[in-house]
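Undergrad: Assemble chain L onto chain B, guided by the hints.
Protein chains in written order, with my numbering: chain B, 1131 to 1323; chain L, 1131 to 1323.
Hints in this document: simulated from the structure, not taken from any laboratory.
Each hint can be trusted.
One copy or any two copies: either way a pair holds, since identical chains are not told apart in the list.
Straight-line C-alpha distance at most 25 Å; calculated DSS-like pairs for lysine-lysine:
| hint | residue 1 | residue 2 |
| --- | --- | --- |
| 1 | Lys1194 | Lys1250 |
| 2 | Lys1214 | Lys1263 |
| 3 | Lys1320 | Lys1235 |
| 4 | Lys1155 | Lys1263 |
| 5 | Lys1235 | Lys1298 |
| 6 | Lys1213 | Lys1298 |
| 7 | Lys1218 | Lys1164 |
| 8 | Lys1298 | Lys1263 |
Protein chains: 2
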Amino acid sequence: MVHTLLLNKKVILASSSPRRKQIFKMLGLKVLHKPAEIDENIDIKNPSKHVMTLAAEKASQIAKVMDADCVVVGADTIVFYEKKILVKPDNRFQAADYLTHLSGKSHYVYTGISICHQRKCFTDYERTLVTFKTLTAQEICEYIETAEPDDKAGAYGIQGYGSQFIIKINGCYFNVMGFPVNKFYQLLQKVIT
Amino acid sequence: MVHTLLLNKKVILASSSPRRKQIFKMLGLKVLHKPAEIDENIDIKNPSKHVMTLAAEKASQIAKVMDADCVVVGADTIVFYEKKILVKPDNRFQAADYLTHLSGKSHYVYTGISICHQRKCFTDYERTLVTFKTLTAQEICEYIETAEPDDKAGAYGIQGYGSQFIIKINGCYFNVMGFPVNKFYQLLQKVIT
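Isolated chain B (complex conformation):
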């Protein structure tokens, strides 16, 4: 299990996301938080390449300044709908626009994860299909008022008020939350040998 593989290891999460912190806590892990500072405005239109590039940049930036025995984890999440990558909304008008597009449709969520250890980095990604109910204008307004969409890719959080809008998912739930747990466990087994 993850906590056994990481026993006596110093684990660093190169992210400031409260959702990712919550997932690491759920896995029984004590981690250090050291958010990477990178330019997330990259011109990569392929969604899996986009998230893997950013996850790898985050992890490697922090790994460079840490002891080689540390396990540094980076991640990046986007929403992909009709060939467009949706990141965090700039403002509430854009959040309303995102939600209007996602309403009554299915979209993909991609998360890239990267683990650096002993000067080597391993990177992979996960993809989940998410189906939204049809949202009324009132629901969109009420949801934006909760402030939950502000800091979320695609302007929604599956683990909060947004949960009531999601009819079903196909794939990994934790990927939609921002960190694909089973994929992380698989990758970790390759890294810690």
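TA: Below, chain L without anything else, positioned relative to chain B:
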């Protein structure tokens, strides 16, 4: 949204499940907890009928002794695998047996929900397909040692250490956690008119 529909309503959750409490908190709801005391050993082999019967019994038992304007919510969750209903394991040997069966396979999780309000009860259910990775004997032992399987239907919790064993789900995540949020919202719209 759920919190708007329930504004100024006294909401009672007829369950002691910490996962359900957590979901209600996530939806921004203040609820009273008043667990129903019913015999869960019923002889209904059909999984949807099984969970709907128990959810309705829980909700109606509490609704009977409360003011008619209260909104009383009952729920019941089971795991269904190879035509067998798996409830909470009796002991750790049974937990190991359940996990051995679920390993490397897909199973269904069913949750029944029932809402009583103004002396009327509405009941429905949700079903989600969950796919487990192949578990090693070591993983099963380590997982049982965490004590997480003890009080969970099917001997696992998707929202804890168990998350790392789940490759994918098809359907509602919160249903697997024990309370299908979107289904609850749909049912609530019928109840509160």
